[in-house]
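Based on the provided sequences and hints, a complete structural model is requested.
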Amino acid sequence: MKKTKVQSSLCLPRSVSLLSCGVLRYRRKMRSPSVRRCVSLCLFVFVGVFFFFNSTFQQPISPKLEAFAPGKIGELCKSDGGGQKRIMFIETSGEKCLRPRQACAIESAARTNPDMTVYVYMAKERPPGRPEMDRGEGLERRCETMQILESFTNVYFIRDSLPKHLVDTPLESLYFNGNMKNSQYALQHISDAVRVALLYKHGGIYLDLDVVVLRSLRCLRNTAGHTFILGESSIENGFMAFDRGHKLLKFFMRWMQRSYKPNERSVIGPNGLSRAFQMLCNHPSTVISDSAFDFKCHDNVNLRLHNKTAFHPITYFEQNRFYAENFDENELDTFNQSYSVHVYGSGHGAHVPETSLYAFMANQFCPSTYDLHLEGVYDF
Numbered sequence: 001m002k003k004t005k006v007q008s009s010l011c012l013p014r015s016v017s018l019l020s021c022g023v024l025r026y027r028r029k030m031r032s033p034s035v036r037r038c039v040s041l042c043l044f045v046f047v048g049v050f051f052f053f054n055s056t057f058q059q060p061i062s063p064k065l066e067a068f069a070p071g072k073i074g075e076l077c078k079s080d081g082g083g084q085k086r087i088m089f090i091e092t093s094g095e096k097c098l099r100p101r102q103a104c105a106i107e108s109a110a111r112t113n114p115d116m117t118v119y120v121y122m123a124k125e126r127p128p129g130r131p132e133m134d135r136g137e138g139l140e141r142r143c144e145t146m147q148i149l150e151s152f153t154n155v156y157f158i159r160d161s162l163p164k165h166l167v168d169t170p171l172e173s174l175y176f177n178g179n180m181k182n183s184q185y186a187l188q189h190i191s192d193a194v195r196v197a198l199l200y201k202h203g204g205i206y207l208d209l210d211v212v213v214l215r216s217l218r219c220l221r222n223t224a225g226h227t228f229i230l231g232e233s234s235i236e237n238g239f240m241a242f243d244r245g246h247k248l249l250k251f252f253m254r255w256m257q258r259s260y261k262p263n264e265r266s267v268i269g270p271n272g273l274s275r276a277f278q279m280l281c282n283h284p285s286t287v288i289s290d291s292a293f294d295f296k297c298h299d300n301v302n303l304r305l306h307n308k309t310a311f312h313p314i315t316y317f318e319q320n321r322f323y324a325e326n327f328d329e330n331e332l333d334t335f336n337q338s339y340s341v342h343v344y345g346s347g348h349g350a351h352v353p354e355t356s357l358y359a360f361m362a363n364q365f366c367p368s369t370y371d372l373h374l375e376g377v378y379d380f
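Its first residue numbered 1, the sequence shown is counted upward by one per residue in full-length UniProt numbering.
There may be inaccurate statements among the hints.
The calculated DSSO-like cross-link candidates involving lysine-lysine, where the alpha carbons are at most 30 Å apart (straight line), are [what the hints assert, rightly or not]:
| id | residue 1 | residue 2 |
| --- | --- | --- |
| 1 | K308 | K64 |
| 2 | K181 | K247 |
| 3 | K164 | K78 |
| 4 | K296 | K72 |
| 5 | K181 | K201 |
| 6 | K164 | K261 |
| 7 | K96 | K124 |
| 8 | K250 | K181 |
| 9 | K308 | K261 |
| 10 | K261 | K247 |
| 11 | K201 | K85 |
| 12 | K201 | K308 |
| 13 | K164 | K124 |
| 14 | K250 | K164 |
| 15 | K201 | K261 |
| 16 | K250 | K201 |
| 17 | K78 | K250 |
| 18 | K64 | K124 |
| 19 | K201 | K247 |
| 20 | K78 | K296 |
| 21 | K85 | K261 |
| 22 | K85 | K308 |
| 23 | K96 | K308 |
| 24 | K308 | K247 |
| 25 | K85 | K124 |
| 26 | K250 | K296 |
| 27 | K164 | K201 |
| 28 | K96 | K78 |
| 29 | K78 | K247 |
| 30 | K96 | K201 |
| 31 | K181 | K96 |
| 32 | K296 | K85 |
| 33 | K250 | K308 |
| 34 | K124 | K201 |
| 35 | K124 | K181 |
No lab work stands behind these hints: they were computed from the structure.
What follows is the structure in structure tokens.
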């Protein structure tokens with residue numbers, strides 16, 4: 001009988017047998033000293049090139065850019081122990097979550113002022129009137145921003161009816177008699193009125209939600225900032241620091257009550273604050289040439305007025321500088337004497353390139369908020 005040679009792969013499919021043989025040949029080949037030396041050399045070259053390009057050719061961050069950060073930027077004044085302890089923001093939409101750029105303002109205040117308490121007053125219901133912006137990048141409300149801010153031990157959210165804070169002030173009748181509620185600018189006027197009432201009742205520092213805070217604000221007392229709005233000199237009500245019960249605030253509220261015009265957007269905002277200052281301090285102009293000037297007003301009222309550099313270093317007409325594709329690091333010199341930077345409605349939905357000045361400030365002063373943009377969670 002003719003004998004047949006039994007193959008080792010008798011019980012395996014031919015494809016598996018060929019694969020097994022190929023693996024065996026590969027293993028035998030890899031045992032070759034010359035091949036192993038070649039593989040080791042390739043790995044060595046790859047690792048060397050990787051570290052070479054990531055160390056030798058990587059541009060180190062300049063000292064100016066590195067120093068532009070909380071705790072490194074340097075302070076402009078020191079608190080005498082009697083400074084403010086409260087920072088306040090007001091969100092009037094009635095929505096349950098914030099926009100990323102609003103969250104950036106709050107985070108920057110919390111990071112640069114860890115010794116102060118940040119209160120965010122959020123409307124429980126949407127006030128009457130129309131919002132100023134509702135479309136564009138960075139305008140989507142994201143609850144992830146709330147989770148970020150709630151992780152800060154010095155940030156508190158207060159959700160209630162905003163008009164109730166007008167009770168027991170000269171502004172109570174102005175709202176509840178219907179004049180303010182029926183205005184097409186009711187949403188803006190309620191915000192303007194409530195911020196003054198809260199400062200009068202509690203004292204502290206009020207900030208708009210379209211700022212980036214750069215430094216400690218603790219030392220600021222009874223002060224506001226001068227700026228130019230649409231070419232006109234004005235005292236901006238987007239940054240105010242006052243002691244509880246300050247007489248200028250009471251005078252301002254009484255002036256609001258008498259002079260309120262429901263069809264004028266800023267009648268009880270910057271225009272009204274400027275007018276109240278001129279009357280109480282007997283000073284015809286709000287323009288100052290010094291970095292700050294102390295006014296002695298009627299009824300022993302003291303007020304320090306800062307020039308635009310303190311809170312509005314980039315003017316309304318220059319706001320495109322925030323959104324340019326690239327910026328020169330020397331632009332940071334603009335903020336050498338600034339406590340905060342006003343971003344004018346945070347661009348009303350303007351695109352923020354990741355290499356822009358606004359993006360750089362966000363990355364430095366509200367990194368937790370901005371990181372979620374970089375991770376693709378939302379648009380900043």
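Evaluated hints:
Under the criterion of a C-alpha separation no larger than 30 Å, the hint pairing K308 with K64 is consistent with the structure, at around 23 Å. Straight-line distance between C-alpha atoms of K181 and K247 comes to about 26 Å, which keeps the hinted pair within the 30 Å bound. For the hint linking K164 to K78, the alpha-carbon distance of about 35 Å lies beyond 30 Å, and the restraint is violated. About 35 Å separates the Cα atoms of K296 and K72, which puts this hinted pair outside 30 Å; it is violated.
This hinted pair checks out: K181 and K201 have alpha carbons roughly 22 Å apart, not beyond 30 Å. Distance hint between K164 and K261 is fulfilled; the C-alpha atoms sit about 21 Å from each other, no more than 30 Å. Of the supplied pair hints, the one linking K96 and K124 holds, its CA atoms being roughly 8 Å apart against a limit of 30 Å. Distance hint between K250 and K181 is fulfilled; the C-alpha atoms sit about 22 Å from each other, no more than 30 Å.
Distance check on the hinted pair: K308 and K261 sit about 27 Å apart at the alpha-carbon level, within 30 Å; holds. Between the alpha carbons of K261 and K247 the distance comes to roughly 23 Å, so the proposed pair stays at or under 30 Å and holds. The straight-line distance between the Cα atoms of K201 and K85 is roughly 14 Å, inside the 30 Å bound, and the hint therefore holds. Proposed proximity of K201 and K308 is supported: the alpha carbons are some 27 Å apart, at most 30 Å.
With a CA separation close to 11 Å, the supplied pair K164 and K124 stays within the 30 Å bound. A distance of roughly 17 Å separates the Cα atoms of K250 and K164; the hinted pair therefore holds under the 30 Å criterion. With a CA separation close to 24 Å, the supplied pair K201 and K261 stays within the 30 Å bound. Using a Cα cut-off of 30 Å, the hinted pair K250 and K201 holds, with the two alpha carbons roughly 10 Å apart.
With a C-alpha separation of about 28 Å, the suggested pair K78 and K250 falls inside the 30 Å cut-off, and the hint holds. Distance hint between K64 and K124 is unfulfilled; the C-alpha atoms sit about 43 Å from each other, more than 30 Å. With a CA separation close to 12 Å, the supplied pair K201 and K247 stays within the 30 Å bound. Restraint check for K78 and K296: the C-alpha separation of about 22 Å stays at or below 30 Å, so the hint holds.
Among the hinted pairs, K85 with K261 is inconsistent with the structure: their alpha-carbon atoms are about 34 Å apart, more than 30 Å. Simply put, K85 and K308 have alpha-carbon atoms about 24 Å apart, close enough for the 30 Å limit, and the pair holds. Taken as a hint, the K96 and K308 pair is broken in the structure, with Cα atoms around 33 Å apart against an allowance of 30 Å. The suggested pairing of K308 with K247 holds, with an alpha-carbon distance near 24 Å, which does not exceed 30 Å.
A distance of roughly 25 Å separates the Cα atoms of K85 and K124; the hinted pair therefore holds under the 30 Å criterion. Distance restraint check for K250 and K296: the Cα-Cα separation of roughly 16 Å lies within the 30 Å cut-off, and the hinted pair is therefore satisfied. Distance hint between K164 and K201 is fulfilled; the C-alpha atoms sit about 12 Å from each other, no more than 30 Å. Our distance criterion of 30 Å between C-alpha atoms is broken by K96 and K78, whose separation comes to about 37 Å.
Distance restraint check for K78 and K247: the Cα-Cα separation of roughly 25 Å lies within the 30 Å cut-off, and the hinted pair is therefore satisfied. With a C-alpha separation of about 25 Å, the suggested pair K96 and K201 falls inside the 30 Å cut-off, and the hint holds. Among the hinted pairs, K181 with K96 is consistent with the structure: their alpha-carbon atoms are about 22 Å apart, no more than 30 Å. Restraint check: the Cα-Cα separation between K296 and K85 comes to about 24 Å, which is no more than 30 Å; the hinted pair holds.
For the given pair, K250 sits about 25 Å from K308 by alpha-carbon distance, which is consistent with the 30 Å threshold. Note on K124 and K201: the hinted pairing holds, with a Cα-Cα distance of about 20 Å set against a maximum of 30 Å. Our distance criterion of 30 Å between C-alpha atoms is met by K124 and K181, whose separation comes to about 16 Å.
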